[in-house]
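If you read the sequences in order, they're chains A and B. For the first sequence, the residue numbers in the UniProt record's numbering are 1 to 138. For the second sequence, the residue numbers in the UniProt record's numbering are 1 to 169.
No lab work stands behind these hints, which were simulated from the structure alone. Quantities reported herein were computed from a predicted structural model and do not represent experimental measurements. Worth double-checking, as some hints may not be accurate.
As the list claims (entries may be wrong) - Restraint-style ranges between C-beta atoms, simulated for each label pair:
(1) B/G156 x A/A23: 34 to 44 Å
(2) A/F73 x B/L16: 25 to 35 Å
(3) B/R124 x A/A59: 49 to 59 Å
(4) A/A23 x B/L9: 43 to 53 Å
(5) A/N105 x B/F40: 53 to 63 Å
(6) B/E142 x A/D31: 16 to 26 Å
(7) A/A6 x B/R124: 50 to 60 Å
(8) A/Q60 x B/G48: 30 to 40 Å
(9) A/L76 x B/H82: 26 to 36 Å
(10) A/D31 x B/S97: 27 to 37 Å
(11) B/A56 x A/A6: 26 to 36 Å
Virtual Cβ for every residue (Gly too), placed ideally from N, Cα, C.
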Amino acid sequence: MNDFNAARDIPILLGAFFVLTAAIGLVRFPDLYSRLHASSKLITLGSAGIFIGVGLEFAQTEALSRLAAVLLFQFLTTPLSAYLIAQAAYLRGLEPLLEGPDEWNALGKAALLDRRPEELKEEEGEGQMEQPSPQGKG
Amino acid sequence: MRGISLNILLAIVWTLFVGEFSLRELVIGMLLGFAILSVFPLSLGTGGYVRRTLAAVRFALFFARELTAANVQVALWALRPHPPLHPMIIAYPLRLSGDNAQTVLAATITLMPGSVAMGFNPERNVLYAHVIGARSPRAARESLEKVENALLPLYGQSASQTDPVETSA
Numbered sequence: 001m002n003d004f005n006a007a008r009d010i011p012i013l014l015g016a017f018f019v020l021t022a023a024i025g026l027v028r029f030p031d032l033y034s035r036l037h038a039s040s041k042l043i044t045l046g047s048a049g050i051f052i053g054v055g056l057e058f059a060q061t062e063a064l065s066r067l068a069a070v071l072l073f074q075f076l077t078t079p080l081s082a083y084l085i086a087q088a089a090y091l092r093g094l095e096p097l098l099e100g101p102d103e104w105n106a107l108g109k110a111a112l113l114d115r116r117p118e119e120l121k122e123e124e125g126e127g128q129m130e131q132p133s134p135q136g137k138g
Numbered sequence: 001m002r003g004i005s006l007n008i009l010l011a012i013v014w015t016l017f018v019g020e021f022s023l024r025e026l027v028i029g030m031l032l033g034f035a036i037l038s039v040f041p042l043s044l045g046t047g048g049y050v051r052r053t054l055a056a057v058r059f060a061l062f063f064a065r066e067l068t069a070a071n072v073q074v075a076l077w078a079l080r081p082h083p084p085l086h087p088m089i090i091a092y093p094l095r096l097s098g099d100n101a102q103t104v105l106a107a108t109i110t111l112m113p114g115s116v117a118m119g120f121n122p123e124r125n126v127l128y129a130h131v132i133g134a135r136s137p138r139a140a141r142e143s144l145e146k147v148e149n150a151l152l153p154l155y156g157q158s159a160s161q162t163d164p165v166e167t168s169a
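All chains, please: the whole structure from these sequences, using the hints.
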């Protein structure tokens with residue numbers, strides 16, 4: 001088991017490298033939004049590399065099909081969670097550190113995307129009366 | 001729908017011919033079936049299916065290349081002493097229409113160079129993305145446009161639709 005198998009080990013090492021840089025980026029990037037770049041992109045390719053290496057190690061249809069499914073769901077779910085985290089943070093008012101423009105805010109639509117009418121009312125004072133809360137306060 | 005069902009049917013027929021039902025034979029059957037469908041697109045009425053599948057393959061290759069590029073870039077930023085991040089939030093007017101297509105676009109740009117999708121305005125058909133590493137909002141929008149251009153043929157849409165924001169701005 002000590003021999004170096006290039007086809008198997010290089011993808012695993014590359015994957016491990018990308019996961020490591022994801023961890024470093026997660027610590028070093030300045031704010032939540034930038035950190036999402038590190039976590040969503042690097043983790044995806046990192047795990048892809050590790051999966052490919054493991055698949056080549058087993059080299060069986062059963063293992064490969066399962067790994068392909070895992071990888072597919074990884075590609076489907078990682079961006080979704082990044083999207084939701086970014087959106088939730090932004091709508092909750094976590095200020096991004098920006099050097100460029102914030103066109104979302106500039107277009108004035110951040111509040112409209114918020115699907116929680118109660119909080120909107122709190123923010124805008126008594127201006128909005130036509131938004132009755134769907135559930136009564138328990 | 002007709003195309004994919006015919007393709008699966010042909011794959012099953014192939015496994016019957018081979019006499020061995022396995023994932024491998026099924027995949028071979030899918031490929032052979034696809035070859036048949038693309039040779040006779042008119043008589044079988046599967047031209048659209050063939051075109052879309054080819055667009056999907058082309059998109060998968062584009063995706064793999066861009067994903068690798070994005071990762072190398074972000075990895076370098078993570079390791080450099082002073083990474084040249086220029087974080088900004090840009091509004092991107094979508095030309096793609098349809099829930100599925102837009103969801104795929106949002107997911108794809110999150111995995112691609114320097115952008116994370118973070119919001120969507122259905123009224124104005126605008127996707128908001130957090131972008132790092134782009135020099136200007138225009139450059140960032142151009143890189144998103146590249147992704148959208150690769151996705152458009154996949155959904156059988158053309159790039160000729162007008163952008164609501166672009167025309168009003």
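Okay, the hints, checked on the actual structure:
1. B/G156 x A/A23: 34 to 44 Å: holds (41 Å)
2. A/F73 x B/L16: 25 to 35 Å: holds (31 Å)
3. B/R124 x A/A59: 49 to 59 Å: holds (50 Å)
4. A/A23 x B/L9: 43 to 53 Å: Holds, at about 48 Å.
5. A/N105 x B/F40: 53 to 63 Å: Since the Cβ atoms of A/N105 and B/F40 sit about 55 Å apart, the hinted range of 53 to 63 Å holds.
6. B/E142 x A/D31: 16 to 26 Å: Holds, since B/E142 and A/D31 (Cβ atoms, about 25 Å apart) stay within the stated range.
7. A/A6 x B/R124: 50 to 60 Å: holds (51 Å)
8. A/Q60 x B/G48: 30 to 40 Å: Given range 30 to 40 Å: holds, Cβ gap about 36 Å.
9. A/L76 x B/H82: 26 to 36 Å: About 35 Å separates the Cβ atoms of A/L76 and B/H82, which means 26 to 36 Å holds.
10. A/D31 x B/S97: 27 to 37 Å: holds (33 Å)
11. B/A56 x A/A6: 26 to 36 Å: Cβ of B/A56 to Cβ of A/A6: about 31 Å, so the range 26 to 36 Å holds.
The structure meets every hint from the earlier list without exception.
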